[in-house]
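Asks: Here are the chains, one letter per residue:
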Amino acid sequence: MSVPAAVAGALRAIVGDRHVVEGATSLLTYESDALPGYRKRPAFAVFPGTRDELIAVVRTLAQHGVPYVPRGAGTGLSGGALADGVVLLGLQRLKRIVRIDPEARLAVVEPGVVNAWLTTAAAPHGLHYAPDPSSQTACTIGGNVAENAGGPHCLKYGATLNHILAATVALPSGELVTLHRPSRASEGYDLIGAFVGSEGCFGVAVDITVKLTPNPEAVRTLLADFTSVDDAARTTSAIVASGILPAACELMDRATINAVEASIYAAGYPADAAAVLLVEVDGDAASVAEEAARVEELCRSRGARGVRVAVDPVDRARLWQGRKKAFGAMGRMAPHLAVQDAVVPRTKLADILRSIAEIGLRHRVQVCNVFHAGDGNLHPNIPYNGRDQDEHDRVFAAMREIMQMCIESGGTITGEHGVGLDKLPYMEHLFTADTLDAMCRMRTAFDPDRRANPGKVVPVHSCREWHGTPAYAQHTAHDGVEAASANRKYLAPTASSTLMALERRIADAVHESRATGSALYIAGAGTHFGNPPRDAQRIDVSESNNVIEYVPDDLTITVGAGMTLQQLEAITAEHNQWCPLLPWGSDAATIGGTLASAARGPASATLGSPRDLTLGLSFVDGRGATARAGGRVVKNVAGFDLTRAMIGSWGSLGAITAVSLRLRARPAANEVWMFADGSAIPDALRAWVRGPLAPAALVHLNDANAGAAGLDGGACTVVWLIGGAAHVAASREALHAMAPAEALSPDVWRRLRAQGPFDSGGLPIALSPAMSTLNARVRAAFDPDNIFASPMPIRSASALPEFAHV
Amino acid sequence: MSDTALRDTPLAREAAGLDACVHCGFCLTSCPTYLALEDENDSPRGRLVLMRALLDGDIAPSDPQLGTHLDRCLGCRACETACPSGVPYGHLLEATRATMAPSRPLPFAARAILFVFARPRLLSIAMMLSRVFRATGIPALIGRMSTSAAFPFAMLASTARAPRRIATHAPRGDESLASVATLTGCVMEGLLAPVNRATEQVLDAQGYRRVAARGQRCCGALHAHAGDPETARALARENIAAFIASGADYFVTNSAGCGAMIKSYGHLLHDDAEWRERAEQVAGSARDVSELLAAAGPLPAHHAPIRVTYDAPCHLLHAQRVGAAPLSAMRAMDGLELVPLPGSDQCCGSAGIFNLVEPDVATRVLQPKLAAIKSTGASVVTTGNPGCLMQIGAGLLRDRSTVVARHPVELMADAYDRSGTT
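Protein chains in written order, with our numbering: chain A, 1 to 806; chain B, 1 to 422.
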């Protein structure tokens, strides 16, 4: 592909001569990211230094129809930021922290801000930016957003997706849109959810609004030393299954320990251990002490030779530095390093690790494991000498076997590194052809000309509507992927025939509706959408209400979308677990309906909302195609995020048929308290609600609502305390110190939810013209004929809406 | 590796060091030129990629882009303390410059400086003339002018200090800790002699027995950094001989750059069968003055109460990995209120003669350092290297700041003077 000569000149006029880099020598370093096994030569590289320059650069590229690849710090591990003959758009100069709002606990940053710089800047306010990829001292927030980056602490705090509140995005067309989390149907689809993890294919963030997290009151870091990898892996599963949610739980094997101990980041890991677990618990002081003791006991009872507890912050930092720099430290073992990022169900970790060792032996390669054990997110790394062709071939044969095995186990191919170029060949092993096609259509909604990061994430030949285009011809020539037959890895082998039958029935109805022009209406329990249009045909998904797969120790469940919240609660309660969706309204609602309406409840901010708790879902779209998005494991960034787009789409894109959810252990303590209006000390109440002992939920009831809820004392505040016994006791004590609180039955909470909502959800946000267009394009990608009747006011135009010319 | 790969060059001999780089990028944010210039070619990872291409024959030693980006490296080696896989960046940089040198002569100013430093008589004349010029007060006047050409004058002016008397020996206790030979140094003795006197005084105060190492020369660091390892080796051999002849236990320096060089004499003379062993012996007995002071548990004394901050010289922190010793030595002095300097692990832009040959980059790197010093509210910034003292000193002078740059031993000697310890 050749870039017109005039383009570089036009860009130079925008950013200055020094910031357009041309010439073979100077482009060498921009040929790869942190996975230098892949190299692609960009046409040239351009580095805007301000927001206005960035926007002008994107618009100039759009005017000339030139493809481009955004790049942050080049620390990615999937070959995602490689520009093959196209323009490389470097964002590292956009490194301004625009503002920090400690009161609202958020920050606005430019995309080139280094992850660790944000935490440093937030530290004086007692806040930090929670996602902490191991490369956090170098990687940028923009790159984190592109990859939906994880890190050790996303076990408890969630990955980047959970921390991005909004972003101003320059679409490939050059238009600016502000993507945010919608709170009602009129605000359109969750396009910030779709944008996070889109690997630069949906546009470039101009600024990003991120959530800042209060520093925990107490932290305890433990290093447990095991003589067998098996024991370490099983201990991980035992810790998580016990109901403790550690802030992080990392496993390192002996080869990794040796590499770290030989480096400047030597942390004092025991050199003769087969594996170590690095476990961190944090929170309020009382629960940290309780949980640390429990973790230590679990480690010892499962074979740990010793458990070392970090004695002070310096010691703790040293233990973490060793872990975070482990990948780099492997450089000393051999000239090249192959890195993988598969996720497997946590309960299968021990078996998988044993198989990985066996595969390594068979191919005569050394696999070093250092990974996020709590999430089941493996990083098998193989140091090798790439100049030896035989060794190179053996390494890649071993990696293919490992990846295949992880897919077979019900896992995924990438938990945080992204697909990029490296994992393209596995996409067809993981997703069905229809799912990949749905991803392509999502991408086209954002980037009609397919100019942003071409050739990445989804194999080009999987995109049916791309067939015959020049981009298709160019990229299929070298992406090296052979069309594989569709498969159903997303679903367990026991996938129910009820589900398949339902999906066939919906597809038939869709085809018929498209032929006749009649509308369809998707119904679960009928609790959320109000009255359906009279002439719409009802598609009832409630019959798909069975458990498709439930492995309690993995804390995940896959169910038919027609299952009600009540049923889900009963099934999970048998194993002392729950899925804290807990929306306002009746528990007779279906899970499908809860997701479709993105229903939130009073505790969603602390326990998670549908977008936080959903791992994957199946849906039949308005063209009759069935897509299986996401997966069943707790961490997954493979492909574009159709799941987030479906959540809150109010049935306008397709019918959700099955859902995989994240579960939690039921809290040990569960108390509901109330206090009368004006009886609490205001400052103390405010500090309590923002502090480490905050309640899971707080609802203010006026006279009428209180009466309806059977509370006869008039206007009052009801708070819900859940968690470990120590946490709830401490929280209760703090409550009593500031208000004369009265205990209520825990059942009150369910009654209150059924009567709600009691919060307004804030002022509605009106969609800009560009956002309306983008939303309409998303709808058109999945429901081009508007056959779904939905409260969502977004419609696809008869012709595909085009973005205004900029 | 192509047919044009460079064999039998200094870089080829260091090839294993290049192999250690996994391209992780953890070095990027540690690099002052990357932060200032914002181009990855001006980062350690980018330069290592260029070195690899040079080694593999993909680019020529005379490639102008290669030259530009290698020239702009400060050689601060901050990337080494960020690198998990232990890439010996400093050695690779020197080897690359040596490999490029035959096809790419240094700028005239750099060549002139290296020529003089390798010749003791010429050097002492140059230093004497500089001192005379400094005494006229003209450098201080010119140095405050806004043109960047005035910067070297400010550097010279910043070295002015009241003379110190030669210390009289007054060891504490009965037993001597060990015998030490001090490196006189070129700039230290030529322009900052009072620092050398202070060094002697504080060593004496701890009970170290000083012996002379006659026949010592320039340490060779400037030559090694600039791609002239042969001259560096010749100077190293003379220093090795002088130190061994002195019979001292430790070879002590108060200049971080010189100390780093002497500590890597073993590497420098690795291929010299005749000298290798002695080079390693000397490298192993080299110490920064702060290491010896900290090890002795410095004799406490009272300093006039002032607020002090500390900027770590790169060649002490990153090259010698000496971080805590200067601070713990100063903490023994009552009255010094030590406040941390934000970004003290970042280079000030001095880097040997870098500030003379790449003044624009050096100035860009210096600006955040001056701002950080100002933010501490300290009246004295301490640092243990003549280049840093002059770079920061010149920056402060040009900013008309009242803050002064001093070597930690100067403050300690002041405290000992005040307490009557000598």
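Fair warning: there could be bad hints in the mix.
Mimicking SDA-like on lysine to any residue, the simulated pairs with C-alpha atoms at most 25 angstroms apart in a straight line are [what the hints assert, rightly or not]:
id, chain 1, residue 1, chain 2, residue 2
1, B, 374, A, 156
2, A, 40, B, 374
3, B, 374, A, 66
4, B, 374, A, 99
5, A, 40, B, 402
6, A, 156, A, 666
7, B, 374, B, 420
8, A, 40, A, 294
9, A, 40, B, 68
10, A, 40, B, 59
11, A, 156, A, 40
12, A, 156, A, 316
13, B, 374, A, 669
14, B, 374, A, 98
15, A, 156, A, 294
16, B, 374, A, 316
17, B, 374, A, 97
18, A, 211, A, 97
19, A, 40, B, 60
20, A, 211, A, 300
21, A, 40, B, 57
22, B, 374, A, 117
23, A, 156, A, 669
24, B, 374, A, 121
25, A, 40, B, 56
26, A, 156, B, 402
27, A, 156, A, 60
28, A, 40, B, 52
Cβ-to-Cβ under 10 angstroms is the rule here; a few derived chain A residues that face chain B [stated by the list, open to error]:
id, residue
29, 32
30, 95
31, 124
32, 135
33, 385
34, 784
If you are wondering where the hints come from, they were derived from the structure by calculation, not from laboratory data.
Owing to the predicted nature of the structure, the values given are computational and were not obtained by experimental measurement.
From the three backbone atoms N, C-alpha and C, an ideal C-beta is built for every residue, glycine too.
Asks: Please go over all the hints and tell whether each is borne out by the structure.
Replies: Tested hints:
1. A threshold of 25 angstroms between alpha carbons decides the hint, and for residue 374 of chain B with residue 156 of chain A the separation of about 40 angstroms lies outside it, so the pair is violated.
2. With a C-alpha separation of about 45 angstroms, the suggested pairing of residue 40 of chain A with residue 374 of chain B is violated against the 25 angstroms cut-off.
3. Between residue 374 of chain B and residue 66 of chain A, the direct Cα distance comes to roughly 47 angstroms. Violation of the 25 angstroms bound is thereby established for this hinted pair.
4. In summary, the hint linking residue 374 of chain B to residue 99 of chain A is supported, as the alpha carbons are separated by about 23 angstroms, within the 25 angstroms threshold.
5. Note on residue 40 of chain A and residue 402 of chain B: the hinted pairing is violated, with a Cα-Cα distance of about 53 angstroms set against a maximum of 25 angstroms.
6. A distance of roughly 16 angstroms separates the Cα atoms of residue 156 of chain A and residue 666 of chain A; the hinted pair therefore holds under the 25 angstroms criterion.
7. Restraint check for residue 374 of chain B and residue 420 of chain B: not satisfied, since their Cα atoms lie roughly 32 angstroms apart, outside the 25 angstroms limit.
8. For the given pair, residue 40 of chain A sits about 50 angstroms from residue 294 of chain A by alpha-carbon distance, which is inconsistent with the 25 angstroms threshold.
9. Our distance criterion of 25 angstroms between C-alpha atoms is met by residue 40 of chain A and residue 68 of chain B, whose separation comes to about 23 angstroms.
10. The suggested pairing of residue 40 of chain A with residue 59 of chain B holds, with an alpha-carbon distance near 17 angstroms, which does not exceed 25 angstroms.
11. Between residue 156 of chain A and residue 40 of chain A, the direct Cα distance comes to roughly 37 angstroms. Violation of the 25 angstroms bound is thereby established for this hinted pair.
12. For the proposed pair residue 156 of chain A and residue 316 of chain A, the alpha carbon gap of about 18 angstroms is at most 25 angstroms, so the pair holds.
13. In summary, the hint linking residue 374 of chain B to residue 669 of chain A is not supported, as the alpha carbons are separated by about 53 angstroms, beyond the 25 angstroms threshold.
14. Restraint check: the Cα-Cα separation between residue 374 of chain B and residue 98 of chain A comes to about 23 angstroms, which is no more than 25 angstroms; the hinted pair holds.
15. Straight-line distance between C-alpha atoms of residue 156 of chain A and residue 294 of chain A comes to about 17 angstroms, which keeps the hinted pair within the 25 angstroms bound.
16. With a C-alpha separation of about 32 angstroms, the suggested pair residue 374 of chain B and residue 316 of chain A falls outside the 25 angstroms cut-off, and the hint is violated.
17. Between residue 374 of chain B and residue 97 of chain A the alpha-carbon distance is near 22 angstroms, which keeps this suggested pair within the 25 angstroms criterion.
18. About 13 angstroms separates the Cα atoms of residue 211 of chain A and residue 97 of chain A, which keeps this hinted pair within 25 angstroms; it holds.
19. Only pairs whose Cα atoms come within 25 angstroms are accepted, and residue 40 of chain A paired with residue 60 of chain B is accepted, the gap being roughly 21 angstroms.
20. As the CA atoms of residue 211 of chain A and residue 300 of chain A are separated by approximately 37 angstroms, the hinted pair breaks the 25 angstroms bound.
21. Proposed proximity of residue 40 of chain A and residue 57 of chain B is supported: the alpha carbons are some 19 angstroms apart, at most 25 angstroms.
22. Straight-line distance between C-alpha atoms of residue 374 of chain B and residue 117 of chain A comes to about 21 angstroms, which keeps the hinted pair within the 25 angstroms bound.
23. For the hint pairing residue 156 of chain A with residue 669 of chain A, the CA-to-CA distance comes to about 19 angstroms; that is within 25 angstroms, so the pair holds.
24. Of the pairs offered as hints, the one joining residue 374 of chain B and residue 121 of chain A holds, with about 19 angstroms between alpha carbons and a cut-off of 25 angstroms not exceeded.
25. Annotation: proposed proximity of residue 40 of chain A to residue 56 of chain B holds, straight-line Cα distance about 18 angstroms (limit 25 angstroms).
26. Between residue 156 of chain A and residue 402 of chain B the alpha-carbon distance is near 50 angstroms, which puts this suggested pair outside the 25 angstroms criterion.
27. Note on residue 156 of chain A and residue 60 of chain A: the hinted pairing is violated, with a Cα-Cα distance of about 42 angstroms set against a maximum of 25 angstroms.
28. Restraint check for residue 40 of chain A and residue 52 of chain B: the C-alpha separation of about 16 angstroms stays at or below 25 angstroms, so the hint holds.
29. For residue 32 of chain A, the shortest C-beta to C-beta distance to chain B is roughly 6 angstroms, which falls under 10 angstroms, so the interface hint holds.
30. Annotation: residue 95 of chain A was flagged as interfacial toward chain B, and the flag holds, the nearest CB pair being 8 angstroms apart, inside 10 angstroms.
31. The interface hint given for residue 124 of chain A is broken, as the beta carbon of that residue sits about 12 angstroms from the closest beta carbon of chain B, more than 10 angstroms.
32. Checking residue 135 of chain A against chain B: minimum C-beta separation of about 7 angstroms stays under 10 angstroms; hint holds.
33. Taking 10 angstroms as the C-beta cut-off, the interface hint given for residue 385 of chain A holds, the closest approach to chain B being about 8 angstroms.
34. For residue 784 of chain A, the shortest C-beta to C-beta distance to chain B is roughly 43 angstroms, which exceeds 10 angstroms, and the interface hint is violated.
Of the numbered hints listed earlier, those contradicted by the structure are 1, 2, 3, 5, 7, 8, 11, 13, 16, 20, 26, 27, 31, 34.
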